[in-house]
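A.B. asks: Join these two chains into a complex; the hints should help.
Sequence order for the protein chains is B and P. Under the numbering used here, the first residue of the first sequence is numbered 1, with each subsequent residue one higher. Under the numbering used here, the first residue of the second sequence is numbered 1001, with each subsequent residue one higher.
Read the hints as simulated data drawn from the structure, not as lab findings. Treat the numbers as computed from the prediction; the structure is a model and nothing was measured. Treat each hint with caution, since some may be false.
Okay, the calculated bits of chain P under chain B, using three or more residues with CB under 8 Å as the criterion [to be verified]:
#1 1038-1049
#2 1061-1073
#3 1092-1103
From the three backbone atoms N, C-alpha and C, an ideal C-beta is built for every residue, glycine too.
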Amino acid sequence: MIPLAESATDPSLAHAFERSLEGIRESVALFLPEAVLTGAICLLIVLDLLMPKRQSRFLMFVALAAVVGAGALIFFMRSTINQPLFNGLIVIDTFASFLHIVLLLGAAIVIALSYVYRDFENRRMGEYYAIMLASLLGMFLMASANDLLMFVIGVELVSIPSYILVVYTKEDRAATEAGLKYVLYGSFASGVMIYGLSLLYGLTGSTNLADVSRFIVGNLDSFTVAVASLMAFAGFAFKISAVPFHWWAPDVYQGAPTPITAFLAVASKAAGFALLIRFLDAAVAGAGESAFHWLNAIAVFAALTMTVGNLAALWQENMKRLLAYSSIAHAGYMLMGLVAIGSSSAAMGGHQVVAFYLVAYLFMTLGAFVCVVAVYNLTGVESMSGYRGLGRRSPMLAFSMTIFLVSLIGLPPTAGFAGKFQLFAAAINSGYLWLAVIGGINTAISCYYYLRVMKVMYLDEPAVEPSSPAFVLDAQGLRWFAGVLVAAVLLVGIMVDLVARVTQHLIIVTG
Amino acid sequence: MPEDIGLAHYLIVSALIFGIGSAAIIVRRNAIAVLMGIELILNAAALNFVAFSRYSTYGKLDGHIVALFVIVIAAAEAAVALAIVLNFFNNFSSVNVDDGSELRQ
Chain B
1 MIPLAESATD
11 PSLAHAFERS
21 LEGIRESVAL
31 FLPEAVLTGA
41 ICLLIVLDLL
51 MPKRQSRFLM
61 FVALAAVVGA
71 GALIFFMRST
81 INQPLFNGLI
91 VIDTFASFLH
101 IVLLLGAAIV
111 IALSYVYRDF
121 ENRRMGEYYA
131 IMLASLLGMF
141 LMASANDLLM
151 FVIGVELVSI
161 PSYILVVYTK
171 EDRAATEAGL
181 KYVLYGSFAS
191 GVMIYGLSLL
201 YGLTGSTNLA
211 DVSRFIVGNL
221 DSFTVAVASL
231 MAFAGFAFKI
241 SAVPFHWWAP
251 DVYQGAPTPI
261 TAFLAVASKA
271 AGFALLIRFL
281 DAAVAGAGES
291 AFHWLNAIAV
301 FAALTMTVGN
311 LAALWQENMK
321 RLLAYSSIAH
331 AGYMLMGLVA
341 IGSSSAAMGG
351 HQVVAFYLVA
361 YLFMTLGAFV
371 CVVAVYNLTG
381 VESMSGYRGL
391 GRRSPMLAFS
401 MTIFLVSLIG
411 LPPTAGFAGK
421 FQLFAAAINS
431 GYLWLAVIGG
441 INTAISCYYY
451 LRVMKVMYLD
461 EPAVEPSSPA
471 FVLDAQGLRW
481 FAGVLVAAVL
491 LVGIMVDLVA
501 RVTQHLIIVT
511 G
Chain P
1001 MPEDIGLAHY
1011 LIVSALIFGI
1021 GSAAIIVRRN
1031 AIAVLMGIEL
1041 ILNAAALNFV
1051 AFSRYSTYGK
1061 LDGHIVALFV
1071 IVIAAAEAAV
1081 ALAIVLNFFN
1091 NFSSVNVDDG
1101 SELRQ
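Next up, chain P with everything else stripped away, as it sits in the complex (with noise of 0.2 Å):
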């Protein structure tokens, strides 16, 4: 492993990861591709506070405990919108958010 990696390498991964996760987000359609990209936004979230408990402070853990947490976060909300997504499925035999547009007056 070089020496040389440091804060803002993890930083910039950080940073694409959330920039790609709300791409996904704004541009595809399909409910299951939304939620992909929002759990690369928890994720870009994750590193985020490992890499800053990591380089800025030296034997406390805060950073790691929120970043557990956000994975437990994580899994607990995907799996509660994919309930919902096979939901919509049932109801609407699609997973386009676009076909959603009952509501509005």
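Looking at chain B on its own, in the form it has when it is part of the complex (with noise of 0.2 Å):
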């Protein structure tokens, strides 16, 4: 940046205000996605104020068509280019159009769900559509942050919307606990993240990500850059939930509205698995063999994500509780994943395996909580004892439920399951033979509490005599909606090699 004061009377710095302002001009045309979904958040408050309360839940459809929108151009403007905007604030490569879609895709999933959601009828919701586009917005730029500013920036602008959609049931006792917990720890994490950027800005005098990599390239076993690199973790780790900064999520997700949790477990984790791999695409990946030892770090972690989430989720009772575990555990997956990045020998990277893992987890993940939407709007029960006997009371929604299951634990013909191929296939490419036993250890072990919903449903005794009218659920739209999501669960599982093609093109960027 060039300090103002001093264009004036210099010809040369005047001139170079002039091309930088010719970059940004050039950038907004590209910016487009970002600024639709801008304009809507604005759009939502406004008709928000002039429609009268009942209507309001029909701005689900202004939300939706933002996102659509958004959506379309990114697929038509974006999706070949690699390109740094705004000189260098963020950058628009193949990786972060794709994180765009995902992100775009959960985004979609979530308004719709929370548009039936039980707890959110007769309530204002434009401006909850508003903030979630809010937060959205802010995925976006974790997605696409290429300078220590927009870190700052990303994380802020997704974490404190996501603060207020927690308690927005805000007269509900736990959402109200959920959100205390939740912003106390969130803005410690974001806080002590700041402060490792700031050391870092400091070590290299650049806020650019290109030239803060080049100089952790150059100084890996510096003390001082694993400290402020691991201060700056802390609040990557807080995103993805990732042990030991893993304490607010199971209280959040229980305590949250279900389409809150959904939104939190599947986009904010996407973006904070975008913005941890641009970290350390950019510290790591250029350094080779010297960076051992921290691939052994995300080793250890990722080890301990995985293995402290899935014997949490044991004896977890309620079901929003055991999917926060069950979500704690696939971090570690990913974070297995992870240690390919530098890796030249595996045949996709790092980043493109997990990015592979992020569009199974997401319809797998939405498609259960789409299920506990559905069992807590009949039967207003969020615990084990609501799923009793399922497989009678709705056939469907226990059969869409047992395909999530399946493909949560892993196995064929599931998205699950090709996309922990890879992350295991990435680990053992990488040399990382004991993490991935590890992994394999895991899966065992999660078995057990993914099978016991299943067992809960299709052999334990309804709760409700079958002679009752309340015995059979009706859940009309939503078990089309689980349905469609099914569909995408098997599709994505069968047709691996297109989604492994289309994510084999994911290049990293910076620059």
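C.D. replies: Have a look at this one:
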């Protein structure tokens, strides 16, 4: 950036200023998808003020249109572009565009899920969708961040709206408690991250990620670099709920309204992984063999995260809490794929296998949450007891849930299997056999609690008498909603080649 | 102003502020006090950015600009956090973080 005071007198500085303005002008055209989201946020806030409360839920269609519009723009404008925007503040590359599409898919499903969620009835919903789109905009910036400033803004633009969303049902004591825990843990984690980034800035003298990475690669053994990076990692790890920064996840996932839980579990986590991948790719990928102890640290985090997540999930009775621990475990699996980020021997790099797994994870996790919402809407129960005999009370819901759970375990022919296979292959190819073994043991452990849900659904006696009118649960539209996601899980599982070919084209461009 | 104040002095002050903030977050049970600790951490980071910008990269304002953004973000975060604390007080009649202990297995 240029000091403005001198630009008036110095012709070369004036020229540089002119050039940077030109760069901004060119970038604006490529920034259209984000602009669409921003416009939709403003529109939603204004429309929400004009509309009566009862009709405000129909603003869902405005939010959905914005998401679809942004998706179409990304698909047609950006899918082959690899270039930095705004003088290197953000970078639009195929990796960012892919993540953007994944985030939009997740957001679209969550927006539709919010529309039918029972606790959101008779509530002012326009601002809800506006806040959600604001958080989505932050995730966009996280996925394409190329500057420490953008790291800070992206993370906070995701966090602050999601604090509000967690307490959106504000008279609900559980949601309030979850919100307080989230905001305190979350701002502590992002504060530590910003402090770590300030140290990195001080070491390198630049906020640009390419400059920072050049410095890190040259000083991988420096203690200061390690401390600063570890502090920055605290912020990313909080977002992806990696051990030991996962304490908030079970409480927040359980207390928050279920669509928000799904949003945090999928979109927020995907954005966190995007940021972590950008940072690691810049810092480690160029360093080759000398980055070995950094990758070892990631491997240890991965092993801890999946083990803690799976062991704690074993005795959960609340479905949302169980899925929270399961999502911690899945963060561990994805971290396992990241050890391949610096390796050139693997057929697919760390960021490619994680991008693939994020697609699989998106469909199966959101699918499980759709079933949770369906059961909650009909029975008002989120604990395991509400699922007793679901196989007889609502066969299609129980079947969908079974497919999602099978996919979460990682059995063929589902998306979860395809994704997990690649994660394990990436870890083994990069020489982390021990990590793959731990991952295998963890998958075996996870079978217990996923299969237990199936046992409850199909083998346990229903809590309601079969003769009572409340026995049959008619999930109506949600049944088909879950059905579409079942199809997606199976399709990704069967058409592995196609998704793998798309993810193989993902490259990381920095600078 | 003495001439011999350098980068190290600013870094020591910011490290101290960071330490005090972390201590407040870990030790205090009052949600407002925890929030004050978080604000201290953000201010320590902003001070770092400004000090590094002034002493290590002459003529570039990157650090100053990040510090400005950090200040704005801290304000937004404080507004949302205080609203949530207020809501917590409405539901639990307390701002003690230990009172929020209903979510557990």
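A.B. asks: Count the residues of the stretch 1092-1103 of chain P whose CB lies closer than 8 Å to any CB of chain B, then report whether that count reaches three.
C.D. replies: Three-residue rule met by the stretch 1092-1103 of chain P, so holds; n is 6.
A.B. asks: With a Cβ-Cβ cutoff of 8 Å, does the stretch 1061-1073 of chain P contain at least three residues near chain B?
C.D. replies: n = 8 at 8 Å, threshold three: holds.
A.B. asks: Verify this for me: three or more residues of the stretch 1038-1049 of chain P with a beta carbon less than 8 Å from a beta carbon of chain B.
C.D. replies: Since three or more residues must qualify, the claim that chain B covers the stretch 1038-1049 of chain P holds, with 8 doing so at under 8 Å.
Violated hints: none; the structure is consistent with every hint.
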